[in-house]
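J.: With the hints as extra help, turn the sequences into a complete structure.
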Amino acid sequence: MYEDKEFQMWLQDGVLHLIYKKDIIITLEVAKRIVSTRLLLQEGTSYPGIAYMNEFTVATPEARKFLAKEGYEGVVKAAVITYSKIRTVIVSMFIMFDKPLKPTRIFTNREDALKWLKAS
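Using the numbering used here, the first residue of the sequence shown is number 120, and each one after it goes up by one.
Don't take every hint at face value.
[To be verified] Computed spacing ranges between beta-carbons, pair by pair:
1. Pro180 with Gly133: 27 to 35 Å
2. Ile214 with Ile143: 14 to 22 Å
3. Ala238 with Asp123: 25 to 33 Å
4. Leu160 with Lys237: 16 to 24 Å
5. Pro180 with Asp132: 27 to 35 Å
[Said to hold, decoys possible] Restricting the straight-line Cα-Cα distance to at most 35 Å, the calculated cross-link-like pairs of lysine-lysine (DSBU-like) are:
6. Lys188 with Lys151
7. Lys196 with Lys234
8. Lys140 with Lys221
No lab work stands behind these hints: they were computed from the structure. Since the model is a prediction, treat every value here as computed from it, not as a measurement. Where is the CB? At the ideal position from N, CA and C, for every residue including glycine.
T.: Dropping the structure here:
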């Protein structure tokens, strides 16, 4: 497990988990740190991942573009969990406009997200 002031990340049962901490701004620098940390944690293996977006505040346009492309290195597919309608709209816009390189879906609960991630 890895944790710093902006995010927490761990690998559990073959799935990467990423929690953005409360009231942060994901800049390009932060996005690059998230990806480099994740790649170290993965040790060369690709995994599906879950991003928990409930505390996440905002990402800069540069960070979103980076995360949608280079940010998917080593990611098989990604589930985004959010319980907020506003955040669901924000994530939908990310998927629609930034066009992540790998399959990405929005969920409102962990169980459905894990089921989708583990399906072939």
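J.: Please go over all the hints and tell whether each is borne out by the structure.
T.: Hints, one by one, checked against the model:
no.	hint	result
1	Pro180 with Gly133: 27 to 35 Å	32 Å, holds
2	Ile214 with Ile143: 14 to 22 Å	21 Å, holds
3	Ala238 with Asp123: 25 to 33 Å	32 Å, holds
4	Leu160 with Lys237: 16 to 24 Å	19 Å, holds
5	Pro180 with Asp132: 27 to 35 Å	34 Å, holds
6	Lys188 with Lys151	12 Å, holds
7	Lys196 with Lys234	12 Å, holds
8	Lys140 with Lys221	24 Å, holds
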